[in-house]
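Which chain is which? The protein sequence lines are A and B, in order. Here the first sequence is numbered in numbering that gives the first Met the number 0, starting from 0 and rising by one per residue. Here the second sequence is numbered in numbering that gives the first Met the number 0, starting from 0 and rising by one per residue.
What the hints contain is simulated information worked out from the structure, not anything from laboratory work. In this text, a Cβ means the ideal position worked out from N, Cα and C, and glycines have one as well. Be a bit skeptical, because a hint or two may be false.
Computed list of lysine to aspartate or glutamate pairs in EDC-like fashion (alpha-carbon distance at most 16 Å, straight line) [as the list claims (entries may be wrong)]:
no., chain 1, residue 1, chain 2, residue 2
1, A, K122, A, D263
2, A, K104, A, E222
3, A, K195, B, E79
4, A, K195, B, D15
The following residues of chain A were derived to be distant from chain B, with all beta-carbon distances above 10 Å [said to hold, decoys possible]:
no., residue
5, Y20
6, E73
7, E120
8, S163
9, P191
10, K195
11, A224
12, G241
13, V268
14, A283
15, S314
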Amino acid sequence: MGETVARLRRLLRQAEVVAYYLAVAPLLALLPASLAYRAACWRGDWTFRSWPDKRNEVVHNLREVLGEQLSPAEAERVARDVFRIRSCEVIDLMLLRGRARSLAKLVEIRGREHLDAALAEGKGVILCSAHSGSYLCAFSLLHASGHPVTTIGRWWWNYPPGESSAERRIWDFVYARRVVRHRQRPNIEPWPGRLKVAVQAASALRGNEVVTISCDAPPLEAERARTTEVTFLGRQAGLLPGVVTLARLTGAPVLMAFAHRSADYRHQVLDISPPVPMEGETAAAFGRCVTAMDAAIRENPAEWDFWFEPGDLASLGLVPDVPHPAAKAGDGTGRKGELQQSSR
Amino acid sequence: MEAVINDYISRELVQDASLLPLGNATSLLETGVLDSLSLLRLVVFIQERFGITVDDVDLVPEHFDSVDAICAYLRSRAGEGAGQATGRG
């Protein structure tokens, strides 16, 4: 009986998410931005209230990882922001229509001069980011503004066993299609066994393009042997230092880029850093990138995707690999009940 | 050629010491020696050492699965180059 109710809840949750992406958000995106994002926040608040299992799980994850940084009340507030921001990110996606001018009006790109200076060297640029903020939409804006951008990242819905082809088609239609329209090439997806990935990235860099990569991606089982141990969010985490190898082999500079939302939820900033030094051991060079990611996540914790994903936090070594009781409640986990707003 | 390729892979790409000495026929994919980034390193090495450009379409497992396969591919490319040079000449 309990299982049936849980299944029904999960189905309703998924239906609501699909309806939001397919119908509600496209309509909201036609309204003035202040109204659209306010409505998105209402939907975020409603989800926060009506999905207590996931809310508790997010609060638990925040406290587990940032325990010393967040009081219980602050963790609750950040968790509510997590829900609001995920909801707002769907509006960002819808505003990528046409030449993305509607979104461009709301996003300030800081540090563009670093990107221009790096591209002037002619070896392409690697933009290193985290699964934080509306980073994919921000990269689409960069492309729309004249910088040829290609992303290294996995669309998570493409391969997990059990994911139906209908689900894949839905997410391709509502999500990937909108983002990839503002890309130089389709995503370079680094699944195990795909040998061409790094060469394709190098080829884009040789063409003096911008290649983006999120270095906080949890490693797949097959990738664990190639991870580097780094200090990330106060713990030892195993992350893939491919960005360093790619930079050294191609000579492309690595710039850090993080998107974050302002207090009104509709304006955003994409911060691009000067080049990160790549000298020294791989672990040391990669450590500089991780330090920058760590700082960006701590500064705007609600923007990070993985609070919603206990499995990913466990893969990163940030929480024990034991599901929080809330995760067992069967009200849908992040990936199934809500679109993971990312490619990895 | 085999010795040069084998030496580079053994020194730079093999992480599991139990695979050494590396046989020229050993599968680099099945043993996990070659992944996307190590293939890029190998391609950069080959291009610099042998002065050829490896096209994206040539990046298939058949050409890079073993030292023998890599050398066969390089010889075929060298043959093509010679053929083209002859044709132009």
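Quick one: which hint numbers does this structure break? Sort them smallest to largest. 1, 2, 3, 4, 9, 10, 11 and 12
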